[in-house]
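Trainee: The lines below spell out each chain.
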Amino acid sequence: MENVVELKGVTKNFKGFSVENMNLEVKQGYITGFIGENGAGKSTTLKMIMNLLRPDAGEVNIFGMDYKQHEKEIKQRIGFVYDSNVFFEGLNVKDIKRIVAPAYKQWDDALFYRYVEQFELPLNKAIKTFSKGMQMKVSLAIALSHHAEFIIMDEPTAGLDPIFRRELLHLLQEIMEDGQRTIFFSTHITTDLDRIADYIALIQKGNLLFNHSIHEIEENYTLVKGSLDLLDRDTEQAFVHVHRTSTGFEALAKNVQNVEHTFGNDVVMERASLEDIMYYFKGGMQHA
Amino acid sequence: MLNLIWREYILFKQSMLFFIPFILFLTFFYDGFHTAVIFLGGSFAISFNSYAYDEKAETDILLNSLPYTRKEIIASRYLGGIVHMIVSIAFTSALLFIFNKPYTVTDIAISIALFLVFASLLFPLFHVIKKGYFLTVAVNSFLLITIPGSKVRSFVANLVTAVTEFTSGAMLAAMLIYAVSWGISVIIYERKEF
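Those sequence lines, one after another, are chains C and P. Sequential numbering from 1 applies to the first sequence in the numbering used here. Sequential numbering from 1 applies to the second sequence in the numbering used here.
These are computed hints drawn from the structure, not numbers from a lab. Quick caveat: nothing in here was measured; it's all calculated off a predicted structure. Some clues are possibly wrong.
Said to hold, decoys possible - Lysine-lysine pairs mimicking BS3-like chemistry, simulated, CA-CA at most 30 Å apart: (1) Lys125(C) <-> Lys13(P); (2) Lys94(C) <-> Lys128(C); (3) Lys13(P) <-> Lys68(C); (4) Lys192(P) <-> Lys13(P).
To be verified - From the derived model, a few chain C residues whose C-beta atoms are all more than 12 Å from chain P: (5) Leu169; (6) Glu236; (7) Val256.
As the list claims (entries may be wrong) - A few chain C positions that, by computed beta-carbon distances, are all more than 12 Å from chain P: (8) Ala57; (9) Tyr115; (10) His261.
For glycine and all other residues, C-beta sits at the position ideal for the given N, C-alpha and C.
Excised from the complex, chain P in its bound form:
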């Protein structure tokens, strides 16, 4: 299981050059937008990097030929998501600290809740959407969340406010959604043919 999560970091090594400027970009250009989004961007980047990679390669065939069960493969995606989130929060916090941008623990909490919710929606999609389109969907949804003026953004902004007010409740709800999404992904993946 750990091997499968570690795998995503071996893949991620390739994208480091993209990741750092991406976070820097968010840090500077999304000034004024909620700091939570910066954390969110980082968390998304690692998880979706590996999805994007796997979409290009015949990863499903590889992983399913190795001694892993399908349940484990899905579990590694979801547990991996949490690991990536923690790594990226640590990394982003360090950057924000270095560049002297203020952030609060609530920002982090909000980003965690948001990440869990969006990952819950997108992860199962990966196994449903036709090969080659997933990254487009993921990037577009992220842009919709962050581009000023978009309806989704104002929805998210409202969500952020709501989450801010009920952080602990929202966090619980997000975790519940993540767990349900995990279950759905397992059901979808168990039925897949490669």
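Bound conformation, chain C alone:
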């Protein structure tokens, strides 16, 4: 399987925060969701993928090429959507298109106007009068109109109403249909990912904790509930993190078979949602 993005040993230091030795692969033809709490390093990673930030150490390869030699070729093939508006606020959609379109060899005007119509975007109104959701739609229309093979999005669903959020997820599935496209997007709304993501990468405090397929996650991670007397130093090893209450414990386990082996039928197992996984990983880190 080919990787569209490969980060190898990427490190980036800021004052009080750093992304450490990150190895991340984004597989071609799939949607990878990038999750983590605010400040975990999602935007930093995305910016390194876009060459807006340069890593202190490590390698960034996109489509198997590096930015030093192939910056333009790489960016021709990427569509981007950022969490804040990067366009000129005083301009209308038409003028923004006039500025952006000539940059792309494969710009498709007809396709652009189709999205404009689909998203119901007014062409002649300054985008500063648009809501955050509408501004996001402008970015999206632009990102999708030059036949980009790789779409990268930073929190695209933040600030969107639930209906458009659903529409967006549908649209993303639709554009994935030819099998050539790859989408990588960060979010902290994990329910979005339950619906569409094929792979999930979880980042915490600048460290990539895992990058698994949804299938692997469903098979391996499980929520376990049971009474407190089942817990001791040995049995607790099976868990990422244990949450104790007066009536019993609830914990996240990484390996279902392990739990079955250790506890047998004494515990109740439930499917762990992505939110559960994020929550327990965070707890686990704090207590480590």
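Let chain C serve as the given structure and place chain P on it in line with the hints.
Mentor: Then chain P, alone, in the frame of chain C:
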């Protein structure tokens, strides 16, 4: 590259309403001051309009996400500067002609040399000064150049005289400074993080 320069005109469209009165203002109120300053004002207006615009928006993020290299982005600023200068000289000449104000080719030559020098100083600053302060710096420096009685103005006046005397030499020197400034901007911009 041309796209990036054209971009500045799309942005400039927004400021036309400000630009025309500005040149008219210079034409009438700076009567008596060197005509070169009127040309200079016009040239400054277009270049700094886009800088001012870009300062408000996350333009660096946008341009660097599009298929342009950082060298091209800087090149578009410097080549754009020259294009804007030519456009504004044509425009200002037309205005001066319409309002029957005399001007000479030397005035234009002086304004070109001055523009190149000031742009050389200000363009690299744009990438160094904290966001939000650049326009203030640019406007203030322009006012200092033009307000009667300011030391900078008398310095510029002397400069103008000097330039007048050695137009061709001054022109060459100005172009050289512009080229060096271009190089410095590239070095600064290549190291920037967004």
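Trainee: Evaluate each hint against the coordinates.
Mentor: Tested hints:
| no. | hint | verdict |
| --- | --- | --- |
| 1 | Lys125(C) <-> Lys13(P) | holds, 15 Å |
| 2 | Lys94(C) <-> Lys128(C) | holds, 14 Å |
| 3 | Lys13(P) <-> Lys68(C) | violated, 35 Å |
| 4 | Lys192(P) <-> Lys13(P) | holds, 29 Å |
| 5 | Leu169 | holds, 23 Å |
| 6 | Glu236 | holds, 43 Å |
| 7 | Val256 | holds, 42 Å |
| 8 | Ala57 | holds, 15 Å |
| 9 | Tyr115 | holds, 18 Å |
| 10 | His261 | holds, 49 Å |
The structure does not agree with numbered hint 3 stated previously, though it agrees with all others.
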